[in-house]
Amino acid sequence: MGMRNLLTKIVVGLCVALASVGLGVSAAAAAEEFPTKPVTLIIPVGAGGSHDLTARAVTSVAAQYLGQPIIVQLKPGGGGAIGSEMVAKAAPDGYTLLFGGMGWSTTYPAVEGRSKGPDDLMAVCRINYSPTIIAARAGAPYKTFKEMLAWAKANPDKLIFANTGPWGQADLPWKMIGKQTGIKTKNVPYDGGGPALLAVLGGHADVTGGLVTALLPHIKSGKLNALAVLDNKREEKLPDTPTAKEEGVNVINLMWRAVLAPKGTPRPIVDKLAQAFKKMTEDKTVVTMIKQFGDEVYYLGPDEFGKAWREEYELQKELGKALKK
Amino acid sequence: MGLFENMAGGFAVAVTWSNLFYCAIGALLGTAIGVLPGLGPPATIALLLPVTLKMQPVSAVIMLAGIFCGAMYGGSTTSILLNIPGEAASVVTCLDGYKLARKGRAGAALGMSAIGSFIAGSLAVLGISFMAPTLASFALKFGPPEYFCLVFLGLMMAIYLAEESILKGLMMASLGLLFGTVGLDPVDGTHRFTLGFDRLTDGVDFVVMAMGMFGLAEILCNLEEVEQREIFKTALKGLLPTADDWRKAWGSVLRGSLLGFFIGVLPGGGAIISSFAAYAVEKRLAKHPEEFGHGAIEGVAAPESANNAASTSSFIPLLTLGIPGNASIAMIFVALMMHGVRPGPLLLTEHPDIFWGVIASMYIGNVMLLGLNLPLIGFWVRVLRVPYRYLAAIVVAVCIIGAYSVNNSAWDVGMMLFFGVVGYVLRKFAFPAAPFILAMILGPMLEKTLQQSLIGSGGSFLTFFDRPISATLLIAAGLLMLTPVAKQMWRRYRDRERLSVP
Amino acid sequence: MRKPGEMAVGLCFAAIGIAFVIGAVKLTVGVPTEPKPGFFPFIDGVILVALSALFLVQAWRGQAGESQPFGKIRGPAVVIVTLILYVATLDTVGYVLTTTVLSAVVLHVLDTKPRVLVPVSLGLALTSYLLFSRLLGVTLPPGLLTFL
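Residue numbers (my numbering), protein chains in the order written: chain A, 63 to 387; chain B, 1274 to 1775; chain C, 119 to 266.
Chain A with its partners taken away, still in its complex shape (with noise of 0.2 Å):
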């Protein structure tokens, strides 16, 4: 641990103790009584997309578990950064919340030192992610990742890939790919998720990188194929595209949501939060909404989660220095 970090728990723990001296309760004793208000979860991105659909499906039963309604405010700019910030300058005490995404709260801070990553930030629990998965239009010369690898080896500069925007669920990816392989092939910034997808069904580009949820209904009717799965298992839903690792090019690319808190909140109200997360994603109703946006939930506590996040911190940190040239 750092030594501003340690400056930090100090001044923190000063703070909390002289306030409950103040206050005359103990800190165990609110978080005994935790929460006696609504909590705030801030999603620092715009409405519909998919942190926000998760967000408002787990905690539209948090009355239930909590003993507390959860309001979700939005409050997006920066591309998450603004959020964040906010989050992590709020007080401690369980009561504002933060919806992270590995882009702004991993990928941002590593990268380009802005947004609030896990120096600034800890973890509460994760509800789930999604794998980025790779597919190329149904007219390309290639119908693995190996096949597609060939190429783009054999043809420099000619494939042509698809990006959701700077530093994103396919941009990152791919730049790991191509530093990995060593492949060259040029990389066009799109506007999201969408218009990739969009110029890759028009065939003005070749390649991209998506959720499974967007993907799937092109890979079904046959405009796009997947080649690779960037996560440690195959997907469910794609039970025959291979994973990167398996075809020998070790990039995961996992885009999580996870609830963070700000830094110094007592561990009893984190425990208490991840633990009635934990049963609002066990919630019938929440399962199945999830479901229906095509994911599945992969709860992790804060230990466990924590502890992730830390290490793609790192990871990416080396890597946007290597990338950046």
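Hints are not guaranteed to be accurate.
[Unchecked claim] Derived SDA-like pairs: lysine to any residue, alpha-carbon spacing no greater than 25 Å straight-line:
| id | chain 1 | residue 1 | chain 2 | residue 2 |
| --- | --- | --- | --- | --- |
| 1 | A | K285 | B | Y1663 |
| 2 | A | K220 | B | L1413 |
| 3 | A | K383 | B | G1469 |
| 4 | C | K154 | A | P218 |
| 5 | B | K1327 | B | L1527 |
| 6 | B | K1701 | C | G148 |
| 7 | C | K154 | A | P228 |
| 8 | A | K248 | A | K295 |
| 9 | B | K1327 | A | T350 |
| 10 | A | K383 | B | I1728 |
| 11 | C | K121 | B | G1469 |
| 12 | A | K353 | B | D1461 |
| 13 | A | K285 | B | D1461 |
| 14 | A | K353 | B | L1619 |
| 15 | A | K215 | A | T247 |
| 16 | A | K248 | B | L1735 |
| 17 | C | K154 | B | F1466 |
| 18 | B | K1701 | C | Q186 |
| 19 | C | K144 | A | V173 |
| 20 | A | K246 | B | G1469 |
| 21 | A | K307 | A | K325 |
| 22 | A | K353 | B | I1637 |
| 23 | A | K220 | C | K154 |
| 24 | C | K190 | B | C1494 |
| 25 | B | K1560 | B | V1758 |
| 26 | A | K220 | C | G148 |
[Stated by the list, open to error] Per label pair, the in silico range of CB-to-CB distance:
| id | chain 1 | residue 1 | chain 2 | residue 2 | range |
| --- | --- | --- | --- | --- | --- |
| 27 | C | A206 | B | P1648 | 37 to 47 Å |
| 28 | B | L1326 | C | L129 | 56 to 66 Å |
| 29 | A | T98 | C | I202 | 32 to 42 Å |
| 30 | C | T264 | B | L1468 | 29 to 39 Å |
| 31 | C | P232 | A | T98 | 22 to 32 Å |
| 32 | B | Q1761 | C | V149 | 32 to 42 Å |
| 33 | B | D1768 | C | Q186 | 57 to 67 Å |
| 34 | B | M1404 | C | T245 | 42 to 52 Å |
| 35 | C | I202 | B | G1524 | 25 to 35 Å |
| 36 | B | L1468 | C | T146 | 34 to 44 Å |
| 37 | C | E152 | A | E209 | 24 to 34 Å |
| 38 | C | E152 | A | P330 | 36 to 46 Å |
These are computed hints drawn from the structure, not numbers from a lab.
Yeah, the Cβ is synthetic: ideal placement off N, Cα and C, and Gly gets one too.
Got chain A sorted already, so can you dock chains B and C onto it with the hints?
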């Protein structure tokens, strides 16, 4: 199954008491939020999502589509009455609509906009039912070079939005393009011209800018002359467009609908570009182009028809490809997803009831919106009789709420103030605001598609000429650019000749 | 006849263009085959500077089109200053109080009698707050009036 059976099936789905009820609720809500600039359709739909969970999927979509189309109808109301464009697609409506209102013809403008929207909406629904799949493949033909040329063409129309001086119009357009680059670079995400403010990484929101440059700037201008309190002529002539208005505008409505329908199919700026394009086309074809910008009824009819046709046809990429073309449609997409219906190439085979039900309900929605909006005109016109001082205070408050609600922050209110002051000063020097706004909205698209095209072609500009669609669009842009310049030069030459004759 | 006002505006346009050009060069411009972040703003900036120069020449010759004269600028100036204060205090003081003051200033500038001015401003602020935050779900800062 034939088309008529399909449509009949669609109507059978849509015409139940409960669905008609939801359709009416949606239309009413949509009109309301279209009039209140604080809330856009995407935000409202997001707000209502949890409610729709308990409804049938068809009913849910019917209600949300009603909101979306209703907002398009309602959006023109504030443009005409108060010079506040509620959304990007009704910026052009301000130009002539507000002038008409100040001449005491608000009723004609509102009526033309409602009836024009109805005609356009109906034509577009017919268009969708006949050729949705064909249009989807048309949309797919548009790659980066085609988009670049289309946006470029749209930008050239800024010339037609300039009232008198083309030079001023071009200056405002290039200023808008520059302001549009504030934020993240589209290719590598570098921060540009953000001056260290995190708030600027997403650029400046349209609502904030438009409310400042139109709404607030207008108020500031009117605050100068305390004596001149009668901003609107009190004698309000007729609540509906006259026969003379119709004679002038029926062609504009049809051309606007057509343009809007085809451009609206393209995801992205469809509705915006089409409204500007329709205005430019009418000004180009008009016998008295000098009336444009001073209250020409065609200047309301064309863009309003275009943006309504476009909002209807923007359902095509969603229903056939599963790709939402704008933020509101994205929310409808979400609603469908929450019901386990995934729009896309399989929708027509898996859920034909939803596909045709939506189309039928859009038609019903149009009829309802007309029925709702025509009687409202009398009410709106009466609003203008409120003494101006109260109206001014209300407009300022509404602009503030609208700006604040974009990101729930005072920052945006400050930005609106900034644009209001800039707009006020520039207006004094007769610099037109519309080209600035158009350029600022289209700038990022222009840059992105330029970079995409160049990366894709390996840096060759030939890619724009190689492809038939993009080449055609470029030639059109070139002609559009040259005609007014040539005209102006000719006029100046002629004037000089005349002056030199003693 | 020269037009000093137009010339000042023209100079502002040119200055903005130059500022963007300098900024674009700092961001690196690149070449058409490999555009860098400064590429697009650089071209725009140059165009704007060129257009402004043309405009300046016209203004110098006195042909830069019409312009409305500024009227009494006291009214707009007072409202602009109030709005600046408004933005600065909105989050802490809250929507209702700041909007009441702002509306009062606007109404005052437009010659409203003090008797009507206060109730109207307060009424406008309160109704708009309740309408938008209660009925339409727009979050507005309550500020000092926490009970709202």
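Hint check:
no.: 1; hint: A/K285 <-> B/Y1663; verdict: 59 Å, violated
no.: 2; hint: A/K220 <-> B/L1413; verdict: 21 Å, holds
no.: 3; hint: A/K383 <-> B/G1469; verdict: 22 Å, holds
no.: 4; hint: C/K154 <-> A/P218; verdict: 21 Å, holds
no.: 5; hint: B/K1327 <-> B/L1527; verdict: 40 Å, violated
no.: 6; hint: B/K1701 <-> C/G148; verdict: 38 Å, violated
no.: 7; hint: C/K154 <-> A/P228; verdict: 14 Å, holds
no.: 8; hint: A/K248 <-> A/K295; verdict: 28 Å, violated
no.: 9; hint: B/K1327 <-> A/T350; verdict: 14 Å, holds
no.: 10; hint: A/K383 <-> B/I1728; verdict: 23 Å, holds
no.: 11; hint: C/K121 <-> B/G1469; verdict: 37 Å, violated
no.: 12; hint: A/K353 <-> B/D1461; verdict: 34 Å, violated
no.: 13; hint: A/K285 <-> B/D1461; verdict: 29 Å, violated
no.: 14; hint: A/K353 <-> B/L1619; verdict: 19 Å, holds
no.: 15; hint: A/K215 <-> A/T247; verdict: 9 Å, holds
no.: 16; hint: A/K248 <-> B/L1735; verdict: 18 Å, holds
no.: 17; hint: C/K154 <-> B/F1466; verdict: 14 Å, holds
no.: 18; hint: B/K1701 <-> C/Q186; verdict: 5 Å, holds
no.: 19; hint: C/K144 <-> A/V173; verdict: 21 Å, holds
no.: 20; hint: A/K246 <-> B/G1469; verdict: 34 Å, violated
no.: 21; hint: A/K307 <-> A/K325; verdict: 34 Å, violated
no.: 22; hint: A/K353 <-> B/I1637; verdict: 33 Å, violated
no.: 23; hint: A/K220 <-> C/K154; verdict: 21 Å, holds
no.: 24; hint: C/K190 <-> B/C1494; verdict: 10 Å, holds
no.: 25; hint: B/K1560 <-> B/V1758; verdict: 18 Å, holds
no.: 26; hint: A/K220 <-> C/G148; verdict: 22 Å, holds
no.: 27; hint: C/A206 <-> B/P1648: 37 to 47 Å; verdict: 44 Å, holds
no.: 28; hint: B/L1326 <-> C/L129: 56 to 66 Å; verdict: 58 Å, holds
no.: 29; hint: A/T98 <-> C/I202: 32 to 42 Å; verdict: 39 Å, holds
no.: 30; hint: C/T264 <-> B/L1468: 29 to 39 Å; verdict: 34 Å, holds
no.: 31; hint: C/P232 <-> A/T98: 22 to 32 Å; verdict: 45 Å, violated
no.: 32; hint: B/Q1761 <-> C/V149: 32 to 42 Å; verdict: 35 Å, holds
no.: 33; hint: B/D1768 <-> C/Q186: 57 to 67 Å; verdict: 23 Å, violated
no.: 34; hint: B/M1404 <-> C/T245: 42 to 52 Å; verdict: 48 Å, holds
no.: 35; hint: C/I202 <-> B/G1524: 25 to 35 Å; verdict: 48 Å, violated
no.: 36; hint: B/L1468 <-> C/T146: 34 to 44 Å; verdict: 18 Å, violated
no.: 37; hint: C/E152 <-> A/E209: 24 to 34 Å; verdict: 29 Å, holds
no.: 38; hint: C/E152 <-> A/P330: 36 to 46 Å; verdict: 55 Å, violated
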